[in-house]
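Engineer: Residues per chain, in single letters:
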Amino acid sequence: MTWLKQFLGSNIGLKVVMALSGLGLFGFVIAHMLGNLQVFLGADKFNAYAAMMQGNSLLWVARIGLLSMVLAHMGSAGVLVLRSNKARPVGYKKHTFLSGSYAVRTMRYGGLVLLAFIVYHLLHLTVGSAHGEFRHCMSDGDGGLQCFAFENLVKGLSNPAAAGAYIVAQLALGLHLAHGVWSLCRTLGLGNPRYDALARKAALFFGALITAGNCSIAIAILTGLVHL
Amino acid sequence: MNLTLNIWRQKDGRSAGQFETYQMNDINEHMSFLEMLDVLNDKLESEGKEPVAFEHDCREGICGSCGVMINGAPHGHLPRTTTCQLHMREFKSGDNITIEPFRAGAFPVLRDLVVDRSALDRIVQAGGYVSARTGSAPDANSVPIEKDLADRAFEAAACIGCGACVASCPNAASMLFTGAKITHLGLLPQGQPERYIRVDKMVAQMDKEDFGHCSNYGECTVACPKGISLDVIAQMNRDLLVSQLRGRSTEG
Amino acid sequence: MTIQLKSGAPEGPVETAWARHKFSMKIVNPANKRKYTVIVVGTGLAGAACAATLGELGYNVLNFCFQDSARRAHSIAAQGGINGAKNYQNDGDSIYRLFYDTVKGGDFRARERNVYRLAETSVNIIDQATAQGVPFAREYGGLLDNRSFGGAQVSRTFYARGQTGQQLLIGAYQAHAKMVAAGNITMYARHEMLDVVIKDGDARGIIARDLVTGELKRFVADAVVLATGGYGNVFYLSTNAMGCNVTAAWRAHRKGALFANPCYTQIHPTCIPVSGDYQSKLTLMSESLRNDGRVWVPKHKKDCFDPATGKVGRHPNEIPEEDRDYYLERRYPSFGNLVPRDIASRAAKQVCDEGRGVSYNGRGVYLDFSDAIRRLGKAAVEARYGNLFEMYQRISGTDPYVEPMRIYPAIHYTMGGLWVDYNLMSNVPGLFVLGEANFSDHGANRLGASALMQGLADGYFVAPPCIGGYLAEVKPRPKSTDWPEFAEAEAAAKARIDRLLNVKGKRSVDSFARELGLLMWDKCGMGRTEEGLTEALRRIPEIREEFWKNVSVPGSNTGVNQSLEKAGRVADFLEFAELMCLDALERRESCGGHFREEYQTPDGEAARDDENFQHVSAWEFTGLGQRPVLHKEPLTFDYVHPSQRSYK
Numbered sequence: 000m001t002w003l004k005q006f007l008g009s010n011i012g013l014k015v016v017m018a019l020s021g022l023g024l025f026g027f028v029i030a031h032m033l034g035n036l037q038v039f040l041g042a043d044k045f046n047a048y049a050a051m052m053q054g055n056s057l058l059w060v061a062r063i064g065l066l067s068m069v070l071a072h073m074g075s076a077g078v079l080v081l082r083s084n085k086a087r088p089v090g091y092k093k094h095t096f097l098s099g100s101y102a103v104r105t106m107r108y109g110g111l112v113l114l115a116f117i118v119y120h121l122l123h124l125t126v127g128s129a130h131g132e133f134r135h136c137m138s139d140g141d142g143g144l145q146c147f148a149f150e151n152l153v154k155g156l157s158n159p160a161a162a163g164a165y166i167v168a169q170l171a172l173g174l175h176l177a178h179g180v181w182s183l184c185r186t187l188g189l190g191n192p193r194y195d196a197l198a199r200k201a202a203l204f205f206g207a208l209i210t211a212g213n214c215s216i217a218i219a220i221l222t223g224l225v226h227l
Numbered sequence: 000m001n002l003t004l005n006i007w008r009q010k011d012g013r014s015a016g017q018f019e020t021y022q023m024n025d026i027n028e029h030m031s032f033l034e035m036l037d038v039l040n041d042k043l044e045s046e047g048k049e050p051v052a053f054e055h056d057c058r059e060g061i062c063g064s065c066g067v068m069i070n071g072a073p074h075g076h077l078p079r080t081t082t083c084q085l086h087m088r089e090f091k092s093g094d095n096i097t098i099e100p101f102r103a104g105a106f107p108v109l110r111d112l113v114v115d116r117s118a119l120d121r122i123v124q125a126g127g128y129v130s131a132r133t134g135s136a137p138d139a140n141s142v143p144i145e146k147d148l149a150d151r152a153f154e155a156a157a158c159i160g161c162g163a164c165v166a167s168c169p170n171a172a173s174m175l176f177t178g179a180k181i182t183h184l185g186l187l188p189q190g191q192p193e194r195y196i197r198v199d200k201m202v203a204q205m206d207k208e209d210f211g212h213c214s215n216y217g218e219c220t221v222a223c224p225k226g227i228s229l230d231v232i233a234q235m236n237r238d239l240l241v242s243q244l245r246g247r248s249t250e251g
Numbered sequence: 000m001t002i003q004l005k006s007g008a009p010e011g012p013v014e015t016a017w018a019r020h021k022f023s024m025k026i027v028n029p030a031n032k033r034k035y036t037v038i039v040v041g042t043g044l045a046g047a048a049c050a051a052t053l054g055e056l057g058y059n060v061l062n063f064c065f066q067d068s069a070r071r072a073h074s075i076a077a078q079g080g081i082n083g084a085k086n087y088q089n090d091g092d093s094i095y096r097l098f099y100d101t102v103k104g105g106d107f108r109a110r111e112r113n114v115y116r117l118a119e120t121s122v123n124i125i126d127q128a129t130a131q132g133v134p135f136a137r138e139y140g141g142l143l144d145n146r147s148f149g150g151a152q153v154s155r156t157f158y159a160r161g162q163t164g165q166q167l168l169i170g171a172y173q174a175h176a177k178m179v180a181a182g183n184i185t186m187y188a189r190h191e192m193l194d195v196v197i198k199d200g201d202a203r204g205i206i207a208r209d210l211v212t213g214e215l216k217r218f219v220a221d222a223v224v225l226a227t228g229g230y231g232n233v234f235y236l237s238t239n240a241m242g243c244n245v246t247a248a249w250r251a252h253r254k255g256a257l258f259a260n261p262c263y264t265q266i267h268p269t270c271i272p273v274s275g276d277y278q279s280k281l282t283l284m285s286e287s288l289r290n291d292g293r294v295w296v297p298k299h300k301k302d303c304f305d306p307a308t309g310k311v312g313r314h315p316n317e318i319p320e321e322d323r324d325y326y327l328e329r330r331y332p333s334f335g336n337l338v339p340r341d342i343a344s345r346a347a348k349q350v351c352d353e354g355r356g357v358s359y360n361g362r363g364v365y366l367d368f369s370d371a372i373r374r375l376g377k378a379a380v381e382a383r384y385g386n387l388f389e390m391y392q393r394i395s396g397t398d399p400y401v402e403p404m405r406i407y408p409a410i411h412y413t414m415g416g417l418w419v420d421y422n423l424m425s426n427v428p429g430l431f432v433l434g435e436a437n438f439s440d441h442g443a444n445r446l447g448a449s450a451l452m453q454g455l456a457d458g459y460f461v462a463p464p465c466i467g468g469y470l471a472e473v474k475p476r477p478k479s480t481d482w483p484e485f486a487e488a489e490a491a492a493k494a495r496i497d498r499l500l501n502v503k504g505k506r507s508v509d510s511f512a513r514e515l516g517l518l519m520w521d522k523c524g525m526g527r528t529e530e531g532l533t534e535a536l537r538r539i540p541e542i543r544e545e546f547w548k549n550v551s552v553p554g555s556n557t558g559v560n561q562s563l564e565k566a567g568r569v570a571d572f573l574e575f576a577e578l579m580c581l582d583a584l585e586r587r588e589s590c591g592g593h594f595r596e597e598y599q600t601p602d603g604e605a606a607r608d609d610e611n612f613q614h615v616s617a618w619e620f621t622g623l624g625q626r627p628v629l630h631k632e633p634l635t636f637d638y639v640h641p642s643q644r645s646y647k
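Going line by line, the protein sequences match chains A, B and C. Under numbering that gives the first Met the number 0, the first residue of the first sequence is numbered 0, with each subsequent residue one higher. Under numbering that gives the first Met the number 0, the first residue of the second sequence is numbered 0, with each subsequent residue one higher. Under numbering that gives the first Met the number 0, the first residue of the third sequence is numbered 0, with each subsequent residue one higher.
Isolated chain A, as found in the complex (with noise of 0.2 Å):
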């Protein structure tokens, strides 16, 4: 396995691991996305949503899943952010970006707001710590569970800080995806000039997309749309 060793440990390999990573954290954000606007047919059928995806025997292995993706996308990033580092030890003392779009010149800083919403989001609305007034899901007594999602979603996004948090993060995230959907592509070799066209826009499409469904809820709530 010397070959794959040194294969992870090229630059290329790194942006393979990031582009493969990236490809699942996007596909994830995307069923994130879906599930969570099912709190626009009503607390009854988030909360069951929830309690599907609460009680799955795979849940663990989801989140173990998930843990190494973001892992190996931030472990790659970080030592290629280095490795660029190195290999420009003097810089310009003028330069100028002639083409480079505002979302690929923020990956990195996207990437750390994103790291820094994710634990967030896991303190508000999964372990509940960062959330007042949350409610753990418990046992219906049937077997079953009750969870209290729809709930914690609308008190804790009634908050207009926190709604404040996710909207800008659901921005850099779009950004970030905007840029990174069509990179990873470029990254797992797709050059034809006419898909990569596609790409490119599927890449700003998909951006919008998370951006505004996931933002679409806060407002919702915000503006009371949605409400208890």
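One or more of the hints may lead you astray.
[Stated by the list, open to error] The following label-pair restraints were derived from C-beta to C-beta distances: (1) B:Pro137 - C:Glu320: 52 to 62 Å; (2) B:Lys146 - C:Asp481: 51 to 61 Å; (3) A:Leu208 - B:Thr20: 44 to 54 Å; (4) B:Glu89 - A:Leu111: 36 to 46 Å; (5) B:Pro137 - A:Leu208: 38 to 48 Å; (6) A:Trp2 - C:Tyr139: 51 to 61 Å; (7) C:Ser479 - B:Lys146: 54 to 64 Å.
[Unchecked claim] The calculated DSSO-like cross-link candidates involving lysine-lysine, where the alpha carbons are at most 30 Å apart (straight line), are: (8) C:Lys548 - B:Lys200; (9) A:Lys85 - B:Lys10; (10) A:Lys92 - B:Lys200; (11) C:Lys198 - B:Lys10; (12) C:Lys32 - B:Lys42; (13) C:Lys254 - C:Lys32; (14) C:Lys505 - B:Lys48; (15) B:Lys10 - C:Lys548; (16) B:Lys10 - C:Lys32; (17) C:Lys5 - C:Lys474; (18) B:Lys200 - A:Lys4; (19) C:Lys377 - C:Lys198; (20) B:Lys42 - C:Lys505.
Since the hints were made in silico from the structure, they are not lab data. Every residue, glycine too, gets a C-beta built ideally from N, C-alpha and C.
Dock chains B and C against the given chain A, drawing on the hints supplied.
Structural biologist: Chains B and C in isolation, oriented as in the chain A frame:
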């Protein structure tokens, strides 16, 4: 026109460098950028001062020798233009022009604006060739090649090895340079036998030279005086992935 | 010393001469090859191809170039293409026809057997380059495309858009890179050869200066190959790269190698004219432009450049048809704008001498595409010449789709060079000279798309077996850089550098290069006269003297010192220029690129004198300021019989 130049001066690789300011008056707008530097150097030389060292040779945009950062862009801001083909009519009287060497750990400064780009040669030496012993070649028309494929190979082969891609890349990556060679040879039937060993070796050499990675900023393709497409990098990534998945007969 | 100039070309039928010659040469035993070291100076087509091939064969190769990489030599700038007698177009081409065209195009001043070998090898070059992955232009069927070039009647030119030289050089560079990685070539980039070291009469090494550290280094070998290009920069303004120089060839000449036909220089008719005193080089626009562009100047002087005011009269677009003189079409009705390079160049000079030039300083003529655009449409013209038009616009700042281009001839290639025999070996045993640096194959005028062909023929196919034959004869010999010959050459090189640094005068190096260049262009350029050449021979030593008194070479001999590099080259040009003028003076005829105004036909064409000048003039150095000794190698023509070229 009158210009103020801020030029990086550095005696050699071991010395620290600094910017020096030169006032240039009555510059003719039809001069090339390098001819403008010639005027400065002519003056410095006749005053017994050491002229500004810069690399240049053909002065027609093909040898790849020249290349400096001009106001933060390799070869200046005019698209698809080498430094030697940039003319002063692109500037305005009163402009301040900052001139720096290409910066990368793999491109150590030798003097002033001259850097050592031999790392790029070593990447080619690692595998950027088709092994065809002199005299062993079959008739040139024995292998027809689809025109579109030959054209794509040509587009990639247009690289002049100036290093602007490295200079412009925020990660100081040489992916465009290496990808161009891998694409050029990898698309042609003649390049097939060594296609995967080539990509393995060239990519390994790139890392060894401490070039950075590709974040798909896309700066390189804009900075490239020959407009080499970013697609060559995707092609290299693809070939490398395929190469990893194929394995080798020598394994296991 | 007495020198017998013998080409050593085999007798008998020309078609089999090279094959017979190759068979007659000794071969080095494969196991012995690594015992030999060969120095190759230069990494252009000839140098890189030769180094790569010798490396493949198993010799130890030490390869040198002054540029930062082996991929930069000026072969890279050749635009048009490379000839190959493949007859892929079925238009009647053959090796014999290419041979015939080249001998005739060279105005019967080249060796027949060398030229035949060149034509014969041309087909192998195309195969070799294709196998290396050179992306030649192709047709939709996937086969190689050809074009007709430089007025040839057959389509035998292979090309890769306008970058044929680049693609061929990169092909050779890649083969070379492989050998560097294999350890068979040791590459010394940023090293400039300053002298050749001769021991017991044989070339055995060189002194090179490391251009990064300034250190002088000694390199010993069994043979030395010079592939160091031409001397066009003696004119200062030329299409050559800034670094092109005569130093290696001149230093070898000073050590005894004969310099042949230095007066044969080629002027390319379509270059972008000079735009000011600061100009550092001239840019060539591909000759293919003449296929559709029409060359003209105004009929009346009021529309031309006026030296009194420094201005050009009416804008070309305002000059009506009847006030234009399409002088090539008028003088050469059958070839029109497609007459050979030397003729088109001279005609441009003549109209400008009449005071009918346009552009800055009156040295320019119009090349007009308005008819082509009307006839074919802008899109078609763009498809054919788009990249050239773009290049023109970038340099000149005017749009050739809207107004005529301005063009003027410029020095482009030098046919003269160190004398070599059929083995490409100079009269100094073990000193081989390849490509533009030798004199051998183009006679007095080179045909379009033949320079790339010769460089690669020499490098890939001709030199390696000949060098092998030489090495097999001399056997492996002891090698040492401690020989007194090395110490002597190094001391001389060092003394010269110290002398340059210690003049500490007031004039820049370029100012001397410019002064010499102007003089040479004026007196030894497109039209040469006894009076002008005599004047030049008087002036050159004066400039040289002034140079050694008043040049300013700042800095020291340690580290990068570009002034010092340039100064060394200019100093050699200042010596070489004298030989060039002398050769031009002594060749009292006009032939090819050498036009003596006293020797022309009544209608202004070159008048050759076969009776007195059907020979190679090879000059022997006898000391600076001393008259060199002329050795003549007579030329015989068994196949292509000398005739007057006619393009009317």
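Engineer: Each hint should be assessed against the structure and marked as holding or not.
Structural biologist: Hint check:
The given range of 52 to 62 Å is respected by Pro137 (chain B) and Glu320 (chain C), whose C-beta atoms sit roughly 54 Å from each other. Between Lys146 (chain B) and Asp481 (chain C) the C-beta distance comes to about 59 Å, which sits within the given range of 51 to 61 Å. At roughly 52 Å, the beta carbons of Leu208 (chain A) and Thr20 (chain B) sit within the given window of 44 to 54 Å. In this structure, Glu89 (chain B) and Leu111 (chain A) meet the distance hint of 36 to 46 Å, their C-beta atoms being roughly 39 Å apart.
Judged by the Cβ atoms, the range 38 to 48 Å given for Pro137 (chain B) and Leu208 (chain A) is violated: they are separated by roughly 54 Å. Between Trp2 (chain A) and Tyr139 (chain C) the C-beta distance comes to about 41 Å, which lies outside the given range of 51 to 61 Å. Restraint check, Ser479 (chain C) to Lys146 (chain B): a C-beta distance of roughly 56 Å satisfies the suggested window 54 to 64 Å. Between Lys548 (chain C) and Lys200 (chain B) the CA atoms are separated by roughly 54 Å; this puts the pair beyond 30 Å, and the hint is violated.
As the CA atoms of Lys85 (chain A) and Lys10 (chain B) are separated by approximately 23 Å, the hinted pair is consistent with the 30 Å bound. Distance hint between Lys92 (chain A) and Lys200 (chain B) is unfulfilled; the C-alpha atoms sit about 34 Å from each other, more than 30 Å. Among the hinted pairs, Lys198 (chain C) with Lys10 (chain B) is inconsistent with the structure: their alpha-carbon atoms are about 39 Å apart, more than 30 Å. For a cut-off of 30 Å, the pair hint linking Lys32 (chain C) to Lys42 (chain B) is broken: about 52 Å separates their Cα positions.
Only pairs whose Cα atoms come within 30 Å are accepted, and Lys254 (chain C) paired with Lys32 (chain C) is accepted, the gap being roughly 28 Å. Restraint check: the Cα-Cα separation between Lys505 (chain C) and Lys48 (chain B) comes to about 11 Å, which is no more than 30 Å; the hinted pair holds. Straight-line distance between C-alpha atoms of Lys10 (chain B) and Lys548 (chain C) comes to about 27 Å, which keeps the hinted pair within the 30 Å bound. Our distance criterion of 30 Å between C-alpha atoms is broken by Lys10 (chain B) and Lys32 (chain C), whose separation comes to about 43 Å.
Of the supplied pair hints, the one linking Lys5 (chain C) and Lys474 (chain C) holds, its CA atoms being roughly 23 Å apart against a limit of 30 Å. The straight-line distance between the Cα atoms of Lys200 (chain B) and Lys4 (chain A) is roughly 16 Å, inside the 30 Å bound, and the hint therefore holds. Straight-line distance between C-alpha atoms of Lys377 (chain C) and Lys198 (chain C) comes to about 63 Å, which puts the hinted pair past the 30 Å bound. With a C-alpha separation of about 10 Å, the suggested pair Lys42 (chain B) and Lys505 (chain C) falls inside the 30 Å cut-off, and the hint holds.
When each numbered hint is compared with the structure, violations occur for hints 5, 6, 8, 10, 11, 12, 16, 19.
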